[in-house]
Structures are given as structure tokens and as C-alpha cells.
Amino acid sequence: GAGVSQSPSNKVTEKGKDVELRCDPISGHTALYWYRQSLGQGLEFLIYFQGNSAPDKSGLPSDRFSAERTGGSVSTLTIQRTQQEDSAVYLCASSLRLAGSLIYEQYFGPGTRLTVT
Amino acid sequence: AQTVTQSQPEMSVQEAETVTLSCTYDTSESDYYLFWYKQPPSRQMILVIRQEAYKQQNATENRFSVNFQKAAKSFSLKISDSQLGDAAMYFCAYRSPNNAGNMLTFGGGTRLMVKP
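Here the protein sequences line up with chains S and E, keeping their order. When we follow the numbering used here, the leftmost residue of the first sequence carries the number 1, and every step to the right adds one. When we follow the numbering used here, the leftmost residue of the second sequence carries the number 1, and every step to the right adds one.
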């Protein structure tokens with residue numbers, strides 16, 4: 001079936017503008033994650049959604065970052081008043097929690113490359 | 001908090017030869033999960049191999065195997081018979097068993113180049 005998709009693939013924006021990044025998880029996956037990959041660095045966790053539970057926002061770097069997940073499926077990551085340090089690749093992943101399993105493999109999308117000028 | 005360190009920013013290997021990528025981590029937990037992910041130029045992260053810390057046997061997936069040294073907190077990836085398609089960024093990742101959200105902590109990555 002279809003994998004995780006993200007849009008846009010690339011986004012260039014001016015400093016101070018707001019941006020929205022979209023993630024379509026694999027159908028039926030209950031968990032959704034956002035990670036940020038800055039240049040030359042590994043991935044850092046941003047936010048996690050599991051079913052209808054309150055999201056874990058512990059990784060969001062500032063209150064300019066927010067995310068929502070509508071209907072337990074599509075998610076949007078919003079960055080307000082973008083700064084140059086926000087330039088990075090934003091990766092989305094989804095997973096299916098298997099009964100009796102302690103390991104839930106995360107399937108990643110291709111990411112959105114955000115450039116703030 | 002756990003940290004994951006990959007000390008080799010870049011590695012190079014001749015096609016058909018073997019290469020080992022290093023990863024160390026810091027944790028006070030006794031049970032956890034470790035992963036190696038591959039990120040080709042398409043940017044899509046692909047799971048290569050995973051290891052449960054309670055298992056002493058090193059995980060193997062075809063040409064990919066790990067050397068898991070729990071006491072040393074080391075988790076290296078060996079790629080045998082390297083192929084041109086193995087060229088990519090490789091990330092080591094850690095997951096805590098107490099992590100209900102299943103979030104991963106990643107190392108900084110190693111760029112692997114494969115020479116024909």
C-alpha cells in the first residue's frame with residue numbers, strides 16, 4: 001500500500017512568515033510523529049500523536065511550533081513567524097501499535113525541506 | 001536523558017568490501033531497543049536492523065549485522081559485500097522501554113560512500 005507522504009517536498013519562505021507542513025500517514029496507523037533534521041545533525045523528536053490521546057509536545061522547540069492531527073489521520077505542523085534557524089528537513093513517521101508487541105516500527109515519509117530566507 | 005553518538009561523520013568503502021559503522025550510547029536503563037536506519041538521497045528513512053538489549057545474540061539481516069556490546073554501550077553496524085546502493089546516511093537510534101510514545105533518539109549520522 002501507499003507509504004507516508006508529505007507535502008510540500010520543498011518550501012522556501014521569508015523570515016517572519018508562517019508555514020504549514022502536511023503529513024499523510026499510512027492508513028490505519030494510530031501513531032504519528034514529527035522529527036526535525038537540521039543540517040549536519042541527526043533527527044530530533046518534535047511531537048507525537050497516539051489515537052485520540054493528548055499529543056506529547058515535549059520536543060517542540062518553542063511556542064511558535066504547533067501541530068494538529070485531524071480525524072486521527074492527516075497531521076499539519078505549523079511554524080509561526082519563521083526564523084532562519086528553523087531551516088531544516090521536517091520528517092513525519094507513522095506506526096501501528098501491534099497487540100502484544102513492544103516494538104512499533106516507524107515508517108518515515110520523504111520529508112519537507114524548509115528554507116527560511 | 002539518553003544520548004547517541006556516531007563518531008564517524010563520513011566513511012568510504014570499496015564495492016564488495018566490508019565496512020563497519022560505529023555507534024555508542026549513554027543510558028542508565030538495562031533494557032532498551034537499538035536501531036540502524038538508512039537515509040538515501042530521497043530522504044526517506046528506512047529501517048535496516050534492530051536489536052533488543054535483552055537479547056545477547058547479535059541481529060542479522062542479510063548483508064547487515066550488528067556487534068552489540070552492552071557493557072561497552074556500543075552498537076556497530078557491519079555491511080558486508082558493499083553495494084553501490086548502500087551509499088547513504090546511516091543513523092543509529094535508541095528507544096527506551098519506558099517510552100510509551102516509542103520516540104527515537106538519533107545519533108548525528110554517518111555518510112557512507114561506496115566506490116565502484
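It should be emphasised that the hints constitute simulated quantities derived from the structure, not laboratory data. Ideal Cβ positions, reconstructed from N, Cα and C, are used throughout, including at glycine. Treat the hints loosely; a few may be bogus.
[Stated by the list, open to error] A short, non-exhaustive set of chain S residues, derived as facing chain E with CB atoms under 8 Å:
1. G28
2. A31
3. Y48
4. A54
5. V89
[Unchecked claim] Beta-carbon label-pair distances, calculated as ranges:
6. E:S7 - S:S62: 40 to 46 Å
7. S:S62 - E:T60: 40 to 46 Å
8. E:E15 - S:L39: 27 to 33 Å
9. E:K70 - S:P61: 41 to 47 Å
10. S:K17 - E:P116: 42 to 48 Å
> Does the Cβ distance between E15 of chain E and L39 of chain S fall inside 27 to 33 Å?
Replying inline: Taking Cβ atoms as reference, E15 of chain E and L39 of chain S lie about 28 Å apart, which means the hint holds.
> Does the Cβ pair K70 of chain E, P61 of chain S satisfy 41 to 47 Å?
Replying inline: violated (33 Å)
> Given G28 of chain S as an interface hint, is the shortest Cβ-Cβ distance to chain E below 8 Å?
Replying inline: At about 16 Å, which exceeds the 8 Å cut-off, the nearest Cβ of chain E leaves the hint on G28 of chain S violated.
>> Between the beta carbons of K17 of chain S and P116 of chain E, is the distance compatible with 42 to 48 Å?
In response: holds (44 Å)
>> Tell me if the interface restraint on A31 of chain S is satisfied: Cβ within less than 8 Å of some Cβ in chain E.
In response: holds (7 Å)
> S62 of chain S and T60 of chain E, beta-carbon distance inside 40 to 46 Å?
Replying inline: holds (42 Å)
> Against chain E, is A54 of chain S within 8 Å by beta-carbon distance?
Replying inline: Hint on A54 of chain S: violated, closest Cβ of chain E at ~11 Å, above 8 Å.
> Given V89 of chain S was flagged as interface, is its beta-carbon under 8 Å from a beta-carbon of chain E?
Replying inline: Hint holds; V89 of chain S Cβ to chain E Cβ min 6 Å, cut 8 Å.
> Is the gap between the beta carbons of S7 of chain E and S62 of chain S within 40 to 46 Å?
Replying inline: violated (30 Å)
> Can we keep the Y48 of chain S interface hint, with Cβ of chain E closer than 8 Å?
Replying inline: holds (4 Å)
Violated hints, listed in ascending order, are 1, 4, 6, 9; each of the other numbered hints is respected by the structure.
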